[in-house]
Amino acid sequence: GCNSSGGSEGSNGGGGSGKVIKIATQTPLSGGSATLGESIKLGAQLALEENKKKFEDLGYKLQLQPYDDQADPKKGVANAQLIGSDKSILGVVGHLNSGVSIPSSEVYEKYKVPMVSPANTATEVTDRGLKTVNRIVARDDFQGPAGADFAINKLGAKKIFVIQDKTAYGTGLADAFKKAAEDAGAEILGYEGITVGEKDFNGVLTQVLSKKPDLVFFGGLYTEGGQLIRQARDKGIKIPFMGGDGMDSSTLVEIAGDAVTDVYYTSVAADASKTTEGKDFSSKYKEKFNKNVESYSAYGYDSMSVLLKGLEAAIEGSDGDLPAREKVAEEIRKIQDFQGVVTKVGFDDIGDNKFAKVYIYKFSEAKYPGVQEGEISK
Amino acid sequence: MSILTVSNLTKQFGGLVAVNSVDMTVEKGSITAVIGPNGAGKTTFFNLITGVYQPDNGNVQLGSTSLVGLKPHEISRHGIARTFQNIRLFSNITVLENVMVGLHKQLKAGIVGTLFQTKKVREEEQRAKEEAYHWLEYVGLAKHLNEDAQNLSYGAQRRLEIARALATKPKLLLLDEPAAGMNPRETRELTEFIHRMREDLDVTIVLIEHDMKLVMQISEQIFVLDHGEKIAEGKPAEIRNNVKVIEAYLGKSAVTPA
Amino acid sequence: MLADILQSLPQVLVDGIALGAIYAVIALGYTMVYGILELINFAHGEIFMTGAFIGVAMLILMTGMGWLAAMPAILALILVLVVTSILTGFMGVGIERMAYRPLRNSPKLITLISAIGVSFLLQDLVRFITEYKRGNYILTGPSMFNEQFSIKFSSISSSFSDAFFKTSTLILIIAVVIMMIGLDFFVNKTKWGMAMRAVAQDRETASLMSINVNKVISLTFFIGSALGGATGVLFAVQYGTIDPYIGFILGLKAFTAAVLGGIGNIRGAMAGGLMLGILEMFAAANLQLLTGGIFGAEYKDVFAFAILIVVLIFKPEGLFGKAVTEKV
Amino acid sequence: MSILQLKDINTYYGGIHALKGISISVEKGEIVTLIGSNGAGKSTTLKTISGQVLPKTGSVIYEGKDISKQPAHITAQTGIAHVPEGRRIFPRLTVKENLEMGAFIVKDKKVIKERMEQVFDYFPRLRERLTQKGGTMSGGEQQMLAMGRALMSKPSLLLLDEPSMGLAPVIVEQIFDIISDLNKEGMTILLVEQNAFQALQIANRGYVLQTGEIVMAGQGNELITNESVREAYLA
Amino acid sequence: MNKLTSKLKGNKLAQIILLVLYVLVTSLSLYLAQASVTAFLLLLFSLLLLYYTELPDRLKWLIAGVVLIGVIPFVSSTGPGYQSYMEVATVVGIYVAMALGLNIVVGLAGLLDLGFVAFFAIGAYTYGIFATGQAANFMPFGTFPLSGESFWIFILIGCFVAALFGVLLGIPVLRVKGDYLAIVTLGFGEIIRIVFNNLDKPVNITNGAMGLASVKPPEIFGYQFVYPNQFYFIVLAILFLVILAVRRFEFSKIGRSWKAVRENEIAAQSMGIHLVRTKLLAFAIGASFSGMMGVVFAAKQTFVDPTSFTLLESITILVMVILGGMGSVPGVILGAAVITILNLQVLTEVTNYLNQLSLDGVISFPEALAPAKMQRFIFGAILIIFAIYRPQGLIPSKNPVFDEESLKEGSKKHRKEQITVEPDKGFQA
Ligand SMILES: Nc1ncnc2c1ncn2[C@@H]1O[C@H](COP(=O)(O)OP(=O)(O)OP(=O)(O)O)[C@@H](O)[C@H]1O
Ligand SMILES: Nc1ncnc2c1ncn2[C@@H]1O[C@H](COP(=O)(O)OP(=O)(O)OP(=O)(O)O)[C@@H](O)[C@H]1O
Ligand SMILES: CC(C)C[C@H](N)C(=O)O
Ligand SMILES: [Mg+2]
Ligand SMILES: [Mg+2]
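Residue numbers (our numbering), protein chains in the order written: chain A, 24 to 401; chain B, 12 to 269; chain C, 6 to 333; chain D, 6 to 240; chain E, 288 to 716.
No lab work stands behind these hints, which were simulated from the structure alone.
This one's a predicted model, so the numbers in the text were calculated from it and none came from an experiment.
Just so it is clear, CB atoms sit at the ideal spot from N, CA and C, and this is done for glycine as well.
Check each hint, because a few of them may be wrong.
[Claimed, not checked] Footprint (simulated), chain E over chain A, 3 or more residues, beta carbon under 8 Å: (1) 157-164; (2) 283-289.
[Said to hold, decoys possible] Subject to a maximum C-alpha distance of 25 Å in a straight line, what follows is the list of computed BS3-like cross-link-like pairs (lysine-lysine): (3) B/Lys130 with E/Lys464; (4) C/Lys196 with D/Lys112; (5) A/Lys181 with A/Lys110; (6) C/Lys194 with D/Lys101; (7) A/Lys77 with A/Lys385; (8) D/Lys70 with C/Lys196; (9) B/Lys119 with E/Lys699; (10) A/Lys201 with A/Lys77; (11) E/Lys700 with B/Lys182; (12) A/Lys154 with A/Lys181; (13) B/Lys82 with E/Lys488; (14) A/Lys302 with A/Lys75; (15) D/Lys115 with D/Lys70; (16) C/Lys196 with D/Lys33; (17) A/Lys177 with A/Lys135; (18) C/Lys157 with A/Lys234; (19) D/Lys189 with C/Lys194; (20) C/Lys194 with D/Lys114; (21) B/Lys119 with E/Lys695; (22) A/Lys297 with A/Lys261; (23) C/Lys220 with D/Lys33; (24) B/Lys180 with E/Lys699; (25) A/Lys201 with A/Lys235; (26) D/Lys189 with D/Lys118; (27) D/Lys101 with D/Lys115; (28) E/Lys700 with A/Lys201; (29) A/Lys181 with A/Lys133; (30) A/Lys309 with A/Lys390; (31) A/Lys234 with E/Lys699; (32) C/Lys157 with A/Lys314; (33) A/Lys357 with A/Lys45; (34) A/Lys42 with A/Lys133; (35) E/Lys700 with B/Lys130.
[As the list claims (entries may be wrong)] Across the chosen pairs, the derived CB separations fall in these ranges: (36) B/Asp213 with E/Lys699: 12 to 22 Å; (37) B/Glu249 with D/Glu232: 49 to 59 Å; (38) B/Ile122 with E/Lys464: 55 to 65 Å; (39) E/Ser293 with C/Gly140: 50 to 60 Å; (40) D/Thr83 with C/Ile91: 29 to 39 Å.
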């Protein structure tokens, strides 16, 4: 088509000590999952600040530009427009929620702004084949089956009840799980939806009670998950529960209390405390922000690092000008073996990380994080 | 020739029979009064005629068409207009617009015409304004045309209700206590006005009123309701001397009017 | 299919009544304020939510000081209920003073805007305080009354299953019943109750009857908000976890319940609340069965709203509302 | 001694100057009537006395006390009962409850019962309709209820705003009889009427109001015979 | 100051000069200081000033047109803020149209509607389903997605489908009144949202919670509309038509019957107004504006999912109407603009700014009080303040003023036509 917005590259504010390059983060900084969103932002901030020096030497001034998507697609898109039209922004780290990523990335694609997601698992994020969209974590069609495999083969579940929260993420994960479980020969006794924001899930649990499955899988986030588990236990439902990366939060344990025992969850985030790089990162993070790392802090960090690596490559040969966004996106997609603090990164042709892994944890007491039970790579 | 024929009209509210088998015939072009004690069922009777309430039994006939089962707006289209005992104006719109609403059913503009403001629609609208203004002149409210209806004084509001009713070009006009809240002089003016309406507009008038001076002066026929039943009908002179009516309604003093 | 439904019915009823009881008391707050000011007090859900936070904060505090262990739990709960309802009661009075009273003679709907404003304000205020103090605004209280019971419906007839519930459910239901009976008595049998109804219908004339209108309105807000706050505490005990946004969804449902019962009508609010709770629970548990798997629990609100709409079509004044045919 | 005195009252509705320096006095045991055409300010005068609107300047002295800044509900407790224009009964309270509202400050149930009986003596129709909702009563019935409700507080000063409006002649007659009776029993009455002739007949004194000002005052029978009053209001 | 305003009053030339001067200054400052939100807002403010001038209506429209079509896009076009300003303006336009639609229902016809966003959703999904591959799931014929050229027809289709739903909603709803109506419409809104969220089974119509991605952008003669500055003109054109329509309806027989029904149903009926038809028409027309904008929204976002259509959204639109001034077209426009800009631009910009400051270590907030999190608080406070200080709305609705002289002439005709007796003095006290 006819690109009427292009035109004048214009002079950008900047000036002084080289051109300003901004990298945006877009995550929920307010609302229900602000803690996770904040942790991604802080992780990214850390990476950016560590790289400042390097870029200054190249003649650019790096700046972080955090946006709050409020976990709301509409807000995400509106912000994406702002990001797209700010010519000095050359990349985005985000989002937390696939539901926000999917529409926002349509805008990024339009403006050719590369995005690296530290947390999105929904298949549709990359399946649309957008040139600008990348992620460093595993997909739900990897995570779901991994969970199903574990549930059936390790836990011996034959009759499974699936509950999901009717969000883009919850549906995607639950569907993937369900399909894999069915393929593996398990019987799905029920497939039900709950409403986000509500606190009483006894209706659905009554169904669980009367159908007598030997495992319940929940596709959704920890707030509803914790409540669901707690109420199930109150009803005398003692069977194991399982969930996805949405359950990977200390708040789950807070909400569910002792009821959390015998709950399993798959996660796409590695436990940073397992490796020395991870430990270093955690202490740096703690020192700088006076906060403990959350599951996605390090992924925020790694996403930013990958992004900056691509940027660096794009800068080569741009003669002190701002590199074109397309170029940055291309360079990012080209990355094949980047070693981050928690994950190795190599993108395939649609932007998925070939080295992404799924981890399986179990709560055997009311303590976060759970005990790692398995680690699965492609 | 009779214009309104009511037969065996009955309405109950719970156990209370508000209107009980009432028969009534109103002559075309006449002025008729309905009187009776408070709670006798007069207003209810009007409500039954205008479709605000549905009768439990009986028939209301305007000319040769039965009005039973019709909605108020349909009855209005058949040519009956009314005023209300408790004034019901469109309080927050202007006096002129109140009357223009009365012209509603004569205006032909539809959605499309309105959207495109066709010449026809524009002309019609202009005519409507003029006609509404004319009715305001007719009742003496012309200078208030741009005021909100709610800001009019009580008497003026009553007049506006009449103007609005007249705008619908009724064959039959029902007035529910038009003189309430007016002082004797205003009442006298109203009396003249009602007469003039009949002359000018070729309209049949039925009114409910407690002001006996007005009723006796103006009406050709009087019906008396009590406890929902018709207890008397006749010419003013007859009613004035009807013992039942005196006892139930007029009281002793009315026998010797001031 | 019918057998399956019957089987789970006892459980559905118990859960439905518990949830419905909460709807019912919040609905009372809506109904009372509506009855007197014809205002949908959007902030009422937030008052409920604030009550829940105050209650949990107190419980946490008491646990910290070792009081909770030292006194019988039920006594602690009563103490918390009383203190919370007094606090939220005054809060309601304060809100009316500042945000509604100045608008008393303005168009009705503008007060709605003010109410929405108050609602947002409170959400963020509570969020801020909790987050500031605890680093996370999702608050989980000490667990209380968690003993589990079951009623052996199966011994009545084998077509029923047993119903499971916690002590807190029982406490919740008892407390709610007491509140409702008390309120019903107050409004219908006492002079101040009658004054409330009179003020609701015609403020100016009520003042001619020696009634201090402002006082009556304050009283109404006090009672409604106190009930709301107390329900918040009960909610927190029953469900364990609260966040600043619970007021919105619950308030919405409760308001629906109030309308279902006939808004402005106290008994209607109670009945509407219970009915909505049971309906929702029933739908969540059985829609899948009833529709052969086409619609599931996610349609429970559709089901509830559809019933609401149907009820209102046939009885536009709500279940308990009296059809007031306008005297013309 | 004057039970009520209005001194140079000015009352406004927003920008509308409704009462322009009105002075009125009512002696104990009198019936005083205010007449005047639509919008003259009669109702406003009563509202100013009962505290529903506050005068901008001037004072209302009731039994020696200035009550011009006193809110309506306090004034109502001191023995002034106001039967408002348009009746204003509580539509969704029953007849009985409406009457009870009239005796809101009375604590003693027995007293309330007694007074209710007295009201029924005046208005037997109300007894028949005890449980009917006020709003569904006919206009005349509502007027009776409104007066009955006011009597429930055993006022020493009764303000009546067009009590005959919309009533059947026989009831109007009754109402005026009742007003006279009440007065004979010692009640002071300030009566606003469009029905000037009848009002002046039972009144001791009368004031004529015109666009917010008192244009004439005098004995009841004087005013009836006054030429300009006849011209303007009696016709 | 007072002197100045009184001098200005009546002096049209001075008003024009000042206005033009104002537009010039703000335009220039926007042109020069590129990313200045303040300048942008000040420029928009000129439209409000324009409203308050005493210029003839036609001239006002002309000036507004010039500012909206020419000045604003042009002077903001050179800088990096361009697309984001256009985005804000586009969204404002969408909300203005919706608020105007709701204003018909609530402000003119007096029917409180808390589920209005449903019609927006219906419009959005109507286009979304057919402009993605989604329709292929249940349509046995045709090839999907339809091309972007179908967008233009879909504006009309969205308009009609929404209107149809407006009527469908209206039919059952008409029996209930007042706040009962509010809750029924709320229920309707929720039902629509939940159904859209779940209609991925048994047949996948809406793709459920995953939403519809990659909706085809509008296209005409091979020219694609992708960027906000392009959508700006689409929205502007529709908005122009909507305002025109609203104006015409408001002062027509139809508008009067809405107001009559709002003021007093029984009296309206006895004037021959068909209650049901009048209310349904209000629902349908109100809904149709939303439906059209829904289509635009879907095309602009290129993504539709149910989370855009929550109750909060309905409430926000209602806030725009009431805050702006119920029944007042300029008021509602202003209300919608203020709320949208506040939400989208001012609060975001302010929080971004504060965020930047705290990133740079200039100031520090306690975590919980981070500006990003206080948006609701600020919004709530603003609502209360507005409500208390402008209880009639920002621009209260005004009744039309008729010119008595011109009517006097015309009314003579009627006198001759119908009335034989000279009725002049008569019934006047
Ligand atoms: N909607 C209603 N519900 C119950 N009762 C009603 C209703 N409308 C009227 N009534 C009763 O029916 C009777 C007749 O009332 P109606 O209003 O017709 O009397 P009326 O003759 O007009 O009296 P008035 O002269 O006082 O206006 C009254 O007793 C009244 O209480
Ligand atoms: N609430 C109000 N707001 C504004 N103006 C009012 C209000 N009430 C009365 N007025 C105006 O004050 C003036 C006096 O009104 P008032 O009601 O006292 O007259 P009145 O003598 O009782 O007339 P009526 O015989 O019609 O009852 C009138 O011009 C009226 O329009
Ligand atoms: C935080 C996570 C639950 C996010 C989720 N993986 C998503 O894609 O939406
Ligand atoms: Mg009557
Ligand atoms: Mg008066």
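Here's how the hints hold up against the structure:
Only residues whose beta carbon comes within less than 8 Å of a beta carbon in chain E count, and the region 157-164 of chain A has 0; fewer than three means the coverage is violated. Taking a C-beta to C-beta cut-off of 8 Å, the region 283-289 of chain A contributes 0 residues in contact with chain E, too few for the three needed, and the coverage statement is violated. Proposed proximity of lysine 130 of chain B and lysine 464 of chain E is contradicted: the alpha carbons are some 37 Å apart, above 25 Å. At most 25 Å may separate the alpha-carbon atoms for a hinted pair to count; lysine 196 of chain C and lysine 112 of chain D meet this at roughly 9 Å.
A hinted pair counts as satisfied when its Cα atoms are at most 25 Å apart, and lysine 181 of chain A with lysine 110 of chain A does not qualify at roughly 54 Å. Distance restraint check for lysine 194 of chain C and lysine 101 of chain D: the Cα-Cα separation of roughly 13 Å lies within the 25 Å cut-off, and the hinted pair is therefore satisfied. A threshold of 25 Å between alpha carbons decides the hint, and for lysine 77 of chain A with lysine 385 of chain A the separation of about 41 Å lies outside it, so the pair is violated. Straight-line distance between C-alpha atoms of lysine 70 of chain D and lysine 196 of chain C comes to about 29 Å, which puts the hinted pair past the 25 Å bound.
Taken as a hint, the lysine 119 of chain B and lysine 699 of chain E pair is honoured in the structure, with Cα atoms around 22 Å apart against an allowance of 25 Å. For a cut-off of 25 Å, the pair hint linking lysine 201 of chain A to lysine 77 of chain A is broken: about 47 Å separates their Cα positions. Taking the CA atoms of lysine 700 of chain E and lysine 182 of chain B, the gap is near 21 Å; set against the 25 Å cutoff, the hint holds. A hinted pair counts as satisfied when its Cα atoms are at most 25 Å apart, and lysine 154 of chain A with lysine 181 of chain A does not qualify at roughly 41 Å.
The suggested pairing of lysine 82 of chain B with lysine 488 of chain E is violated, with an alpha-carbon distance near 44 Å, which exceeds 25 Å. As the CA atoms of lysine 302 of chain A and lysine 75 of chain A are separated by approximately 23 Å, the hinted pair is consistent with the 25 Å bound. For the hint linking lysine 115 of chain D to lysine 70 of chain D, the alpha-carbon distance of about 31 Å lies beyond 25 Å, and the restraint is violated. Distance hint between lysine 196 of chain C and lysine 33 of chain D is unfulfilled; the C-alpha atoms sit about 32 Å from each other, more than 25 Å.
Note on lysine 177 of chain A and lysine 135 of chain A: the hinted pairing is violated, with a Cα-Cα distance of about 44 Å set against a maximum of 25 Å. Taking the CA atoms of lysine 157 of chain C and lysine 234 of chain A, the gap is about 19 Å. The hint holds against a cut of 25 Å. For the given pair, lysine 189 of chain D sits about 37 Å from lysine 194 of chain C by alpha-carbon distance, which is inconsistent with the 25 Å threshold. A threshold of 25 Å between alpha carbons decides the hint, and for lysine 194 of chain C with lysine 114 of chain D the separation of about 13 Å falls inside it, so the pair holds.
Between lysine 119 of chain B and lysine 695 of chain E the CA atoms are separated by roughly 23 Å; this keeps the pair inside 25 Å, and the hint holds. Between lysine 297 of chain A and lysine 261 of chain A the CA atoms are separated by roughly 31 Å; this puts the pair beyond 25 Å, and the hint is violated. Of the pairs offered as hints, the one joining lysine 220 of chain C and lysine 33 of chain D is violated, with about 33 Å between alpha carbons and a cut-off of 25 Å exceeded. For the suggested pair lysine 180 of chain B and lysine 699 of chain E, the alpha carbons sit about 17 Å apart, so the restraint of at most 25 Å is met.
Distance check on the hinted pair: lysine 201 of chain A and lysine 235 of chain A sit about 17 Å apart at the alpha-carbon level, within 25 Å; holds. Our distance criterion of 25 Å between C-alpha atoms is met by lysine 189 of chain D and lysine 118 of chain D, whose separation comes to about 23 Å. Proposed proximity of lysine 101 of chain D and lysine 115 of chain D is supported: the alpha carbons are some 15 Å apart, at most 25 Å. Distance hint between lysine 700 of chain E and lysine 201 of chain A is unfulfilled; the C-alpha atoms sit about 80 Å from each other, more than 25 Å.
Distance check on the hinted pair: lysine 181 of chain A and lysine 133 of chain A sit about 46 Å apart at the alpha-carbon level, beyond 25 Å; violated. Between lysine 309 of chain A and lysine 390 of chain A, the direct Cα distance comes to roughly 20 Å. Compliance with the 25 Å bound is thereby established for this hinted pair. Distance check on the hinted pair: lysine 234 of chain A and lysine 699 of chain E sit about 84 Å apart at the alpha-carbon level, beyond 25 Å; violated. Of the supplied pair hints, the one linking lysine 157 of chain C and lysine 314 of chain A is violated, its CA atoms being roughly 50 Å apart against a limit of 25 Å.
Between the alpha carbons of lysine 357 of chain A and lysine 45 of chain A the distance comes to roughly 21 Å, so the proposed pair stays at or under 25 Å and holds. Distance hint between lysine 42 of chain A and lysine 133 of chain A is fulfilled; the C-alpha atoms sit about 24 Å from each other, no more than 25 Å. Our distance criterion of 25 Å between C-alpha atoms is met by lysine 700 of chain E and lysine 130 of chain B, whose separation comes to about 20 Å. A beta carbon spacing of about 20 Å between aspartate 213 of chain B and lysine 699 of chain E agrees with the range 12 to 22 Å that was offered as a hint.
For glutamate 249 of chain B and glutamate 232 of chain D, the Cβ-Cβ distance of about 36 Å falls outside the hinted range of 49 to 59 Å, so the restraint is violated. About 25 Å separates the C-beta atoms of isoleucine 122 of chain B and lysine 464 of chain E, a value inconsistent with the hinted range of 55 to 65 Å. Checking the proposed 50 to 60 Å range against serine 293 of chain E and glycine 140 of chain C shows it holds: the Cβ atoms sit about 58 Å from each other. Hint check: threonine 83 of chain D to isoleucine 91 of chain C, Cβ distance near 34 Å, so the stated range 29 to 39 Å holds.
Hint compliance for this structure: hints 1, 2, 3, 5, 7, 8, 10, 12, 13, 15, 16, 17, 19, 22, 23, 28, 29, 31, 32, 37, 38 are not met, and every other hint is.
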